[in-house]
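Those protein sequence lines, which keep their order, are chains A and B. All letters in the first sequence, in the order written, are residues 1 to 144 by the UniProt record's numbering. All letters in the second sequence, in the order written, are residues 1 to 104 by the UniProt record's numbering.
Keep in mind that a hint or two might mislead.
Listed next, the in silico DSS-like pairs over lysine-lysine satisfying Cα-Cα at most 30 Å (straight line) [what the hints assert, rightly or not]:
no.: 1; chain 1: A; residue 1: Lys123; chain 2: B; residue 2: Lys81
no.: 2; chain 1: A; residue 1: Lys141; chain 2: A; residue 2: Lys123
no.: 3; chain 1: B; residue 1: Lys81; chain 2: A; residue 2: Lys121
no.: 4; chain 1: A; residue 1: Lys87; chain 2: A; residue 2: Lys77
no.: 5; chain 1: A; residue 1: Lys123; chain 2: A; residue 2: Lys87
no.: 6; chain 1: A; residue 1: Lys77; chain 2: B; residue 2: Lys78
no.: 7; chain 1: A; residue 1: Lys121; chain 2: A; residue 2: Lys141
no.: 8; chain 1: A; residue 1: Lys141; chain 2: A; residue 2: Lys77
no.: 9; chain 1: A; residue 1: Lys87; chain 2: A; residue 2: Lys121
no.: 10; chain 1: A; residue 1: Lys77; chain 2: B; residue 2: Lys81
no.: 11; chain 1: A; residue 1: Lys87; chain 2: A; residue 2: Lys141
no.: 12; chain 1: B; residue 1: Lys78; chain 2: A; residue 2: Lys121
no.: 13; chain 1: A; residue 1: Lys77; chain 2: A; residue 2: Lys123
no.: 14; chain 1: B; residue 1: Lys81; chain 2: A; residue 2: Lys87
Hints are computed from structural coordinates only; laboratory data are not their basis.
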Amino acid sequence: MSVLIKVQAGQIITTLFSVFNSLSLRFWTFCPHPVSVHCTPVIGQYAGQAKYNRLENVCRITLTMSLRKQTPSDFLKQIIGRPVVVKLNSGVDYRGVLACLDGYMNIAIEQTEEYVNGQLKNKYGDAFLRGNNVLYISTQKRKA
Amino acid sequence: GAMADEVEQQPTTNTVEEPLDLIRLSLDERIYVKMRNDRELRGRLHAYDQHLNMILGDVEETVTTVEIDEETYEELYKSTKRNIPMLFVRGDGVVLVAPPLRVG
């Protein structure tokens, strides 16, 4: 997949690709003004080129995305140690720090809080969740 | 599952531990198990496997039900407990495993 984005020099643009991590690309090689391209989220790797046209005062950026085969596994390795939200098929929510997980989505969480209907019901020091019950694992964005 | 086929098998315990490795640390300890159908177990973990089949000893099972009064729509929570000296738990009913909850 390739995307052609036409940008004014110095302009910041945001482009959505698909779900996993956020990626910031900064092109300065061909452009006298740094142009920041923020892509949320990423499914593959990006190769980018930027060309600044002085006459038009325009920076043309081409991003080419190549799909990586093991993205789900890589995602799972990347989020270890981060605060996560795990939602089960039953609708119950668990929030805590991801200690580890495996390919079946069995999960070990530390400092777990259990939310039922949005209400905090229980707290566990350590919790192990059986993978077949897991609907999703998501990272929590913490405001610093 | 399909994803499991893609994940490489870890050699024995040098790198990141699996969740099941951490359950191993609870062997012979008392644990709390949340099951499907609003059931909870508290007992001593004697054995387990990758399916989370477990052998629990000295178990207390709690079954929680909600009765809704048809007139007032009040929710009445009831829990029924029973004690079982030795129990085989089939893994597919297990939702969560944790050290026993502390009160308060």
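Status of each hint after checking the structure:
For a cut-off of 30 Å, the pair hint linking Lys123 (chain A) to Lys81 (chain B) stands: about 22 Å separates their Cα positions. About 20 Å separates the Cα atoms of Lys141 (chain A) and Lys123 (chain A), which keeps this hinted pair within 30 Å; it holds. Between Lys81 (chain B) and Lys121 (chain A) the CA atoms are separated by roughly 20 Å; this keeps the pair inside 30 Å, and the hint holds. Pair hint Lys87 (chain A) plus Lys77 (chain A) holds up; C-alpha atoms about 19 Å apart against a cutoff of 30 Å.
Taking the CA atoms of Lys123 (chain A) and Lys87 (chain A), the gap is near 16 Å; set against the 30 Å cutoff, the hint holds. About 42 Å separates the Cα atoms of Lys77 (chain A) and Lys78 (chain B), which puts this hinted pair outside 30 Å; it is violated. As the CA atoms of Lys121 (chain A) and Lys141 (chain A) are separated by approximately 22 Å, the hinted pair is consistent with the 30 Å bound. Between Lys141 (chain A) and Lys77 (chain A), the direct Cα distance comes to roughly 17 Å. Compliance with the 30 Å bound is thereby established for this hinted pair.
A hinted pair counts as satisfied when its Cα atoms are at most 30 Å apart, and Lys87 (chain A) with Lys121 (chain A) qualifies at roughly 14 Å. Note on Lys77 (chain A) and Lys81 (chain B): the hinted pairing is violated, with a Cα-Cα distance of about 41 Å set against a maximum of 30 Å. Under the criterion of a C-alpha separation no larger than 30 Å, the hint pairing Lys87 (chain A) with Lys141 (chain A) is consistent with the structure, at around 16 Å. For the given pair, Lys78 (chain B) sits about 17 Å from Lys121 (chain A) by alpha-carbon distance, which is consistent with the 30 Å threshold.
This hinted pair checks out: Lys77 (chain A) and Lys123 (chain A) have alpha carbons roughly 25 Å apart, not beyond 30 Å. A C-alpha spacing of about 28 Å is found between Lys81 (chain B) and Lys87 (chain A), which places the hinted pair at or below 30 Å, so the restraint holds.
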